Amino acid sequence: MHKGMFYNTRKILKTHLKKDRVKIVLWVVSIALFVVGVSHAYPALFPNPEELIGLAEAMQNPVMVAMFGPVYDPLNYTTAQALGNQMLVFSMLFSAIMSIFVVSRLTRGDEEEGILELLHSLPIGRLSNTLATIIIIVAMNMVLALIIGLGLALVPDDSITFIGSLTFGFSIGATGILMAGVVLIIAQLFENNRTVMGMSFLVLGVMYILRGIGDLSENFLVWVMPLNWPARVEVFINNYNYLNALTILFTFGLFFIGLYLNARRDLASGLIAQRKGKTVASSLLKTPVGFVLRLLRPGIIAWLLTVFILGITYGSIFGDLDTFIEGSDIFEEMLPGGDFPLNVQFMSIIMMVVAISAGIGPIMFLNRLASEERKNHTEHIYSKSLSRTKMLSIFTIIAMVSSAVLLFFGALGMYSGIVASMEDPIRAGLIFQSGFAYLPALLFMVGLSVLMIGWFPDKTGWIWVYFGYAFFSVYMGNVIGLPELFKLLTPFGYVDQLPIEDFRWLPTAMMLGISLIMISIGFIGYRRRDLKG
Amino acid sequence: MLKVIDVQNVSKNFGKVQALKNVNLSVNQGNIYGFIGPNGAGKTTLIRVLLGILKADDGEAKMFGKDVWAEAVSIHKSIAYVPGDVKLWPNLTGGEVIDILIHLRAPQSNDKKEALIQRFDLDPSKKCRSYSKGNRQKIALIAALASDAELFILDEPTSGLDPLMEKVFQEEIFKLKKQGKTVFLSSHILSEIERLCDHVSIIREGEIIESGKLEDLRHLTRTSVSVQLKETIESFDQLEGIHEYRFDNNLHSFQIETTSLDGLIKYLGQFTITKFESNSPTLEELFMRHYQGV
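Listed in order, the protein sequences are those of chains A and B. Whatever position you read off the first sequence (first residue = 1), add 153 for my numbering. Whatever position you read off the second sequence (first residue = 1), add 59 for my numbering.
Be a bit skeptical, because a hint or two may be false.
Not the full set, but computed from the structure, chain A residues with beta-carbon under 10 angstroms of chain B [said to hold, decoys possible]:
1. 201
2. 258
3. 263
4. 265
5. 417
6. 418
7. 422
8. 435
9. 446
10. 448
11. 525
12. 540
Here are the simulated EDC-like pairs of lysine to aspartate or glutamate, each with C-alpha atoms no more than 16 angstroms apart in a straight line [unchecked claim]:
13. 431/A / 209/B
14. 192/B / 266/A
15. 121/B / 209/B
By construction, these hints were calculated from the structure, which means they are not laboratory data. Just so we're clear, the structure is a prediction, and the values are computed from it rather than from any experiment. Where a beta carbon is used, it is the ideal one built from N, C-alpha and C, also for glycine.
With the sequences and hints as input, model every part of the structure.
Structure follows, in structure tokens:
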């Protein structure tokens with residue numbers, strides 16, 4: 154490396170801190186508030202030991218292990234263990250997502266928009282911006298770790314020890330730092346930020362799933378994914394903090410590789426070179442529908458795969474589930490009951506997670522119209538003989554159709570996993586029925602999204618907060634015993650869990666009706682308002 | 060004559076900022092119409108109102124006799140547009156984008172496209188994210204020029220082009236003029252407007268401050284003159300329409316309002332002129348005078 158590679162890093166650092174201070178604080182504070190807030194509810198959740206023992210047994214079920222990690226000491230299951238068991242892996246994902254957003258934005262995002270080019274014309278080292286980004290994200294994660302650690306230590310429960318609380322915090326911080334290293338390397342490979350973010354989420358998803366499989370089978374996969382190192386500190390039991398230290402050490406290796414790759418490549422290029430493209434558009438691409446589909450193509454393919462793989466992953470757990478459930482009284486109490494076998498009941502609960510994941514896709518596709526507008530792309534389109542109604546219709550129809558297709562793929566994945574792992578698999582009809590029960594809820598979200606695009610084009614991102622809440626209320630709601638009311642704030646709370654619950658026409662009709670009304674209002678707004686460009 | 064663009068008392072506010080104030084403007088068929096103003100004067104805002112992307116708060120804007128907001132789609136079948144800041148889809152190639160833009164307007168068989176790609180020297184096989192500003196502009200220009208539109212709305216179309224490409228662009232505009240097409244060209248490059256346009260409007264802070272034929276506007280301008288006489292005479296700066304008179308080294312140099320030229324020539328007729336230089340009025344001066352608020 155040449156001399157002066159890091160020249161003026163301090164200035165760049167100050168600039169970033171100044172311009173992004175609100176964003177930085179919001180990320181750290183909102184994650185910390187959420188984690189600490191939920192943790193403070195724990196002592197009240199399981200007031201007596203019998204409940205904790207029951208919970209320990211429930212958490213050993215393979216589905217739970219795949220999602221949350223193993224139960225290390227079921228015989229002495231304390232409130233602290235419950236907290237570590239249920240909240241740690243989940244909270245680690247937050248810091249990982251924070252790192253994806255912050256690092257990709259400050260590196261590839263700024264580079265793609267030409268901001269780095271401007272900076273590089275000043276007396277600033279070639280790697281100064283990258284180093285400044287590393288410093289910022291490491292600091293953010295460390296502060297987050299400390300706030301969470303200290304916040305947890307204040308939970309009034311004897312089992313929640315000070316050292317355990319800090320370990321919990323450090324695991325979250327270490328995960329964020331690890332992900333920052335991964336994103337930094339990915340940012341060197343691809344030229345555009347959208348790809349960098351997509352690949353980062355894909356890597357995170359794969360690491361999360363592989364860690365689940367590792368935890369289930371207790372084989373080498375446990376350790377092969379660095380993401381699992383901070384997860385397996387056995388928080389509040391053994392507090393193996395050396396695993397966190399190892400993660401950070403490993404990440405410094407990643408940072409070094411990232412910096413090295415960064416120093417070797419040209420500005421605004423990626424290490425994965427671009428191919429020569431077509432010189433003419435295909436006849437499909439020349440039609441409005443074909444054009445929109447082409448814009449959305451990478452997202453559609455990625456999301457179909459994601460949902461399908463998620464389905465397979467959960468489906469493949471069912472083989473172990475059968476042997477596990479036999480002879481467990483606790484489960485029979487936990488589940489909604491009815492005449493269905495336990496595995497069918499489990500399937501309908503897991504389907505909720507798959508369905509919400511499927512629902513993210515159509516909203517991403519719809520929001521693309523708003524981001525096209527922000528990027529001044531729509532003025533090309535609307536200066537042609539194409540009406541706003543037609544354009545929004547195309548996007549809306551794609552979102553609606555993809556809702557059904559994605560649910561189908563999620564259920565198909567689950568069915569494939571179940572067929573592969575179970576000796577006496579659940580009937581396909583039941584699985585698909587369970588999946589398609591979520592279609593009205595997905596269409597409700599599509600309606601909400603159209604409404605936002607029509608009237609609040611700057612605020613389309615807020616729907617993700619709502620999605621996050623929906624995901625939380627159903628994913629964690631059952632586990633921490635959230636009151637029913639909280640689930641009813643999202644359409645997913647009204648879905649009948651087929652086949653174990655009976656299908657009701659009223660909520661379905663209401664969701665579809667409200668969705669149609671929101672779509673209509675959204676169209677009116679979109680036709681009447683000014684476009685940005 | 061058919062009015063291709065007819066804007067009457069159009070106003071547009073963004074919050075408290077008044078971007079357009081009672082703008083009036085009309086463009087006849089076959090005009091090459093220049094629309095000049097500095098950055099932020101409201102050029103792009105007016106164009107976006109014309110395209111039905113922004114809705115005018117007040118007034119009436121029509122193209123081909125149709126309301127620009129209500130009948131946007133049918134109007135757009137006859138227009139081609141090049142935005143000032145060309146942003147393209149990063150993951151499509153230049154060739155693909157040209158085809159898409161041409162076909163979204165009106166499906167047509169296209170023989171002009173290939174020739175234009177050659178003339179503008181564009182490599183259509185690259186992804187849009189790797190094109191420079193000038194090349195992105197070429198893509199939008201090729202797509203616009205290849206279409207058989209009646210009206211071409213071009214928002215600062217040459218701001219990223221090199222001089223060679225600028226020349227190609229000007230030749231293409233002259234071709235359109237010969238075919239009787241209408242061109243609405245916004246720019247802050249005055250030489251370009253002077254060379255290409257026959258009609259001009261000048262916009263400043265959202266208001267049209269000058270409008271008309273280019274030669275009519277020249278009457279508002281001053282000619283700079285320098286004269287050397289055999290005789291030694293008193294200064295004649297009291298003559299009508301003379302400004303910035305200087306006498307130096309036996310050389311009278313001054314600016315004169317174009318309408319006062321006749322008086323000057325008659326006055327000078329009584330002397331023996333040894334040297335007479337005059338520089339024809341340029342839009343530049345008109346422009347500077349307006350913008351310096353003189």
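Status of each hint after checking the structure:
Taken as an interface hint, residue 201/A does not check out: its beta carbon lies about 58 angstroms from the nearest beta carbon of chain B, beyond 10 angstroms. Interface hint at residue 258/A: violated, since its Cβ lies 17 angstroms from the closest Cβ of chain B, which is beyond the 10 angstroms cut-off. Using the Cβ-Cβ criterion of 10 angstroms, the hint placing residue 263/A at the interface with chain B is not satisfied: the shortest such distance is roughly 15 angstroms. This hint holds: residue 265/A has a C-beta 8 angstroms from the nearest C-beta of chain B, less than the 10 angstroms allowed.
Residue-level restraint check for residue 417/A is violated (minimum Cβ-Cβ distance to chain B is 19 angstroms; threshold 10 angstroms). About 14 angstroms separates the beta-carbon of residue 418/A from the nearest beta-carbon of chain B, more than 10 angstroms, and the hint is not met. Of the supplied interface hints, the one on residue 422/A holds, with its beta-carbon coming within about 9 angstroms of a beta-carbon of chain B, less than 10 angstroms. Because the closest C-beta pair between residue 435/A and chain B is about 8 angstroms apart, less than 10 angstroms, the hint holds.
Contact between residue 446/A and chain B, as hinted, is not supported at the beta carbon level, the nearest pair being about 12 angstroms apart and thus beyond 10 angstroms. Contact between residue 448/A and chain B, as hinted, is supported at the beta carbon level, the nearest pair being about 7 angstroms apart and thus within 10 angstroms. Given hint, residue 525/A at the interface with chain B, holds; its Cβ is 8 angstroms from that chain's nearest Cβ, closer than 10 angstroms. Annotation: interface hint on residue 540/A holds; nearest CB of chain B at approximately 5 angstroms, less than 10 angstroms.
For the proposed pair residue 431/A and residue 209/B, the alpha carbon gap of about 30 angstroms is over 16 angstroms, so the pair is violated. A distance of roughly 12 angstroms separates the Cα atoms of residue 192/B and residue 266/A; the hinted pair therefore holds under the 16 angstroms criterion. Restraint check for residue 121/B and residue 209/B: the C-alpha separation of about 15 angstroms stays at or below 16 angstroms, so the hint holds.
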